[in-house]
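If you read the protein sequences in the order shown, they are chains G and A.
So for the first sequence, numbering that gives the first Met the number 0 puts the first residue at 0; every next one is plus one.
So for the second sequence, numbering that gives the first Met the number 0 puts the first residue at 0; every next one is plus one.
Calculated directly from the structure, the hints in this document are not laboratory data.
Treat the hints loosely; a few may be bogus.
Claimed, not checked - Taking CB as the label site, the calculated pair distances span: (1) A:D52 / G:K47: 34 to 42 Å; (2) G:R230 / A:T404: 31 to 39 Å; (3) G:Q400 / A:R53: 26 to 34 Å.
To be verified - Looking from chain G toward chain A, a few residues come up when the C-beta cut is under 8 Å (computed): (4) S29; (5) R254; (6) V257.
Glycine included, each C-beta is placed from N, C-alpha and C at the ideal position.
2 protein chains.
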Amino acid sequence: MLPQSVPASPNLSRRLAKLTSILDVAKAMSAERDLDLLLPLILYEATKVVESDRCSLFILDREREELWSKVAQGSKNEIRLPMGSGIAGQVAHTGAVINIPDAYADARFNSSFDISSGYRTHTILCVPMRDANGEVTGVIQALNKRGGQVFDEEDEELLLALGAQAAGAIENALLHEEINRLFEGFVSASVVAIEARDPSTAGHSGRVADLTVSLAQALEHRATGPYAQTRFTAVELQELRYASLLHDFGKVGVRENVLVKAEKLYPHELEALSARFQLARKDLQLQSSRRRLASVEVRGLSALPSIHQEEDARLGQELAQLDEVMGFLLTCNKPTVLAQGNFERLLELGKLTFTDAHDHGKPLLLPHEIQSLSITRGTLSPEERREIESHVDHTYRFLSQIPWTRALRRVPEIAYAHHEKLDGTGYPRAVPEIPVQSRMMSICDIYDALTASDRPYKKAVPHTLALDILKKEAGSGQLDKDLFTIFVEAEIPRRALKKSPA
Amino acid sequence: MLPQSVPASPNLSRRLAKLTSILDVAKAMSAERDLDLLLPLILYEATKVVESDRCSLFILDREREELWSKVAQGSKNEIRLPMGSGIAGQVAHTGAVINIPDAYADARFNSSFDISSGYRTHTILCVPMRDANGEVTGVIQALNKRGGQVFDEEDEELLLALGAQAAGAIENALLHEEINRLFEGFVSASVVAIEARDPSTAGHSGRVADLTVSLAQALEHRATGPYAQTRFTAVELQELRYASLLHDFGKVGVRENVLVKAEKLYPHELEALSARFQLARKDLQLQSSRRRLASVEVRGLSALPSIHQEEDARLGQELAQLDEVMGFLLTCNKPTVLAQGNFERLLELGKLTFTDAHDHGKPLLLPHEIQSLSITRGTLSPEERREIESHVDHTYRFLSQIPWTRALRRVPEIAYAHHEKLDGTGYPRAVPEIPVQSRMMSICDIYDALTASDRPYKKAVPHTLALDILKKEAGSGQLDKDLFTIFVEAEIPRRALKKSPA
Chain G
0 MLPQSVPASP
10 NLSRRLAKLT
20 SILDVAKAMS
30 AERDLDLLLP
40 LILYEATKVV
50 ESDRCSLFIL
60 DREREELWSK
70 VAQGSKNEIR
80 LPMGSGIAGQ
90 VAHTGAVINI
100 PDAYADARFN
110 SSFDISSGYR
120 THTILCVPMR
130 DANGEVTGVI
140 QALNKRGGQV
150 FDEEDEELLL
160 ALGAQAAGAI
170 ENALLHEEIN
180 RLFEGFVSAS
190 VVAIEARDPS
200 TAGHSGRVAD
210 LTVSLAQALE
220 HRATGPYAQT
230 RFTAVELQEL
240 RYASLLHDFG
250 KVGVRENVLV
260 KAEKLYPHEL
270 EALSARFQLA
280 RKDLQLQSSR
290 RRLASVEVRG
300 LSALPSIHQE
310 EDARLGQELA
320 QLDEVMGFLL
330 TCNKPTVLAQ
340 GNFERLLELG
350 KLTFTDAHDH
360 GKPLLLPHEI
370 QSLSITRGTL
380 SPEERREIES
390 HVDHTYRFLS
400 QIPWTRALRR
410 VPEIAYAHHE
420 KLDGTGYPRA
430 VPEIPVQSRM
440 MSICDIYDAL
450 TASDRPYKKA
460 VPHTLALDIL
470 KKEAGSGQLD
480 KDLFTIFVEA
490 EIPRRALKKS
500 PA
Chain A
0 MLPQSVPASP
10 NLSRRLAKLT
20 SILDVAKAMS
30 AERDLDLLLP
40 LILYEATKVV
50 ESDRCSLFIL
60 DREREELWSK
70 VAQGSKNEIR
80 LPMGSGIAGQ
90 VAHTGAVINI
100 PDAYADARFN
110 SSFDISSGYR
120 THTILCVPMR
130 DANGEVTGVI
140 QALNKRGGQV
150 FDEEDEELLL
160 ALGAQAAGAI
170 ENALLHEEIN
180 RLFEGFVSAS
190 VVAIEARDPS
200 TAGHSGRVAD
210 LTVSLAQALE
220 HRATGPYAQT
230 RFTAVELQEL
240 RYASLLHDFG
250 KVGVRENVLV
260 KAEKLYPHEL
270 EALSARFQLA
280 RKDLQLQSSR
290 RRLASVEVRG
300 LSALPSIHQE
310 EDARLGQELA
320 QLDEVMGFLL
330 TCNKPTVLAQ
340 GNFERLLELG
350 KLTFTDAHDH
360 GKPLLLPHEI
370 QSLSITRGTL
380 SPEERREIES
390 HVDHTYRFLS
400 QIPWTRALRR
410 VPEIAYAHHE
420 KLDGTGYPRA
430 VPEIPVQSRM
440 MSICDIYDAL
450 TASDRPYKKA
460 VPHTLALDIL
470 KKEAGSGQLD
480 KDLFTIFVEA
490 EIPRRALKKS
500 PA
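All chains, please: the whole structure from these sequences, using the hints.
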C-alpha cells in the first residue's frame, strides 16, 4: 500500500505525472480481458514506468505453491518456479520488495538465465502484486534500470502501484477465462451427451463447428468475389461456433426410435406384421382342414386320399404365395429406392385378407404398413420426416430461451436457418433469405453428414463424391455457389478435420 | 483524460495523496464484481474524493438511449432518464463536464427532485465516465460541496479520474453478470430440454434446486444440533444449486421407453404376446379340426354330429382356458404389487406350449415375459432398474467433464451421491459417507418425486403423506434425521415451492 500522505519534494510533479499515467494504465488494463494481451501490456507499462530494460511477471499458483509466467519478455514458453526459490520466489513468499543494485555481487542472484540467454543482468527490482485483500498474487520483476542507474525508492513505489492495479486486472482476466471455459465446457459436454442418443452422429456438431469456423476464417483471404468484404471478428466467430455446435441440440426433442430408424418398419412393427402372417398361415391350414372335413361329408370317406392330395397341393400353393408376399415385403422394408412397380403391388396387396383367431376377416397388410413400405427414399414416413425436421424448431426454441450476451445474440437465428435453401425449398420456414453464417453452416453440415461414418440408413461417402453432391446442390441454386467454391479451394475439410481428400 | 504533466503547485502533495487514494480505490473497485456492492462503493469514494454531500451514478444504455441508475444514495428504485435530458443526460450526451456553483440560479437545474425529496441542492458537479476507448458509458454527479464551497477544477480532475476507473469496474461487473446469466440460462434451458423427454417429471430438477437451496439456507437459523455450525456461503449455495439442477442430467443417457415405462411389458411386447395367443387360439381350432377329421376316419361319417359336439365342447373349454390365462397376464402386467401366488402361477404357465405356423412346438409365454410380469413392485425389470439407476453415473461422467471453476468444483461429487443412503443401501456406490449437500438433496428429491404430478407408474402423493414416508426413511437410518427435522420445521416446501400443506 502506498502512504496516504506523501511529503513534498522537487520530484513531486514528476511523480504526480507518473501516478496519473498509472491511472490511465490501470484503466487500459481493466478493459483488457484477454490474458495473452493483458500480460504484455502490463510488462510494457512496467518497463516504461520504472525506466528499465525489461520486465517479467510471475503469477502465484497457491495450490501448487508455484509461480508461473505466461510471458517473460524475450521468452515464449511457460516458466514454473517453486515458491520461495530465486528472487521472484522469495518476494512471492515474503511479500517484501527486493531491490538489488549489483546482481553479480548478490548471493541471491542466479546467473544461469544470463548464461543460457547471453543477457547481462546488472540491477533488479522485484515487487509483489497484491489483491484487494492484501494477499500476494504474483510478482513483477524489472531488470537493468536505464542509463546505468539503480532502481530507487520512487521506482519501488511506482512498480508497487502498477502491480496493485495489474493484480486486479489479471484476476479479472483469469476469472473471465475461467467462466468462459466453464460455459464452453458445459456446452460441449451437453452436445456430446445429446449426440450419444444417436451413436452414428457422434461428433457431428463439433466437426460442423470446426468446418464452419474454418470456412468463415477462409473468407479473410478473399480479395475478389461477393465475399471480398466479408470479415468476421473474433466474437462473431465465437457466435458462429456456438450456433454450429448447437445446431442439432433440438434433436433431444426427437424420439430415439425415429432418430435411429434403420428400416421402413420399426422392428416391433415388422414383428407384428410377421406375427400376422403366421396367423394367416395357420388360418390357411385351418381353412384347408375344414374344407377336407366338408369334402369328406360330401364325397365320402373313400375320397379322403384324393381330398388330401388336392388340399395338400392347394395349401402348398397358398402357403408359397404367402411366403412370397412376405419375402416381397421384406425387400420393400430395406432403405433402398423403391421401384415404381413395387408401389403398385403394395397397394394391391392391401386388398388381401385372412380370418383372424376370432373368425373375423382382417386385412393382411395394414394401411400404415403399406404407407411405410411405400416410402420411396430412405426410411422415414412423412410424419417421421416432419418429426426429424422439427429438431430445427426445437433448436430455435431452446436457443431463444437463453440470455445470450449482446455479442452472441444472433446464435438462435443462425442455427435456425441451417436447413433452409437459397431456392426456398428448405425447412422449417422455406425462406430464401439466409444469413451468410447459416449458408456456410449448411455446406459444412451436409458435407459432414455425407462423409461421416456410416449411418443406419446410409453408407459414408468419400470426400470427392461428397464434393460432387455439394456441387450439384450449389449448381441447382440450393447452396451458396461462391461459399462452396471457397470451401473447396481453401480445402476446408483438410484444414479443419485433417481429412485427406480420398 | 488527465494531462501527463501537471504543473507544480502548493496543493501538489494533497493532489498526489488524492490520486494515490484513487489508485487504492481503483483496486478495490476492480475486485468487486457484484454490481449491487460496486455501485455504493463508487458513490462512497466519489463523495469522499470531492468532499461532497452525496453522489449519484448513471449508466448509459446505448440501445435504449437512456441513463439508468441502480443506486442513487437515499433512493432505492431504479431511475431511468432519456439521454440528453437534465444535467446528467446532457453530460452523457456531450461528454463535457458540467460544474454549477449555484443550482437555483442555473436554467439547466430541475428542482423537482428537491421538491419531492425535501433536499436542497446548492452546487453540482457532473462528469462523464469513459471506457478505455474514450466512449462515454455513464456519468457521476456530486451534489453540495462540503463547507459551502463550490466544486473546483481539482474536483473535476479527481472525479474524472475516479469515474474512469469506475467505468472499467462497472463494465467488468456487468460483463461478469452477463456471462453468469448466460451460463445459468444455458444450464436451465438444457435441463428443461432433457426433462421434456419424460413429461411426467417436467420441472422436477428446478424444484429440487429450489427446495435444496432453501433447506441449506434454513440451516442459517439453527443455533443447536449437529448443524448449528453448518453455514453455506453464496458461492457454496450456487454450487449446491447447480448440483441440484443437474442431478438428473444423466437421464439423457437412458432410453425414453425405459424412462416412461407404464406397465411391466412394453406396448409392443404386450402386442407380441397377444399375437402369440391369437396364433395359439387358431392352433387350437386347427388341432380340433384335424381331430374331427381323424375321428371321422375312425368312427365313420355317421359319428360326425357327436364328434362335432365333443370337439366343440373341448375346443370351447380350451379357448376359455386360453382367454383366462390372457386375462391373468393382463392383470399381472399392471404396475400393482404382485401377490405371491401369481408369481408361482406365472412360472407354471411358462410350461404351456402351442404349435406355431410351421408346426413347431413353442412356449406360449417367453422367459423374458415371465420375468417382466413377475416384477414384484413398479414396472421395471432388474436390467431396466439398473438402466434408470445408471443416470447417476451418466450425470457424474457428464459433470466431471466440465471445467468447473474452483468455487464450483464439488458439483459433480454432490450430484453423484444424491441416491446414496446413510445405511449404505443406496446407489451407485452404496457408500454411507454422503456430503451434507447430497443428504439435503436426497430429501428434497424424494419429496418432489412423491408430491409432483402423477407419473405413469404411480399417483402423486399429498404433502403430509410424503412427509410420513420421508419420516419413515429417516427413522430407518436411510435419510438424515436432523436435516429432515429442519425440512419439516422450516416448512421448506411451502417456502420454496409455495406448496400449501394438504
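| field | Structure-inconsistent hints, enumerated in ascending order | value | When the structure is compared with the hints, numbers 3, 6 turn out to be violated.
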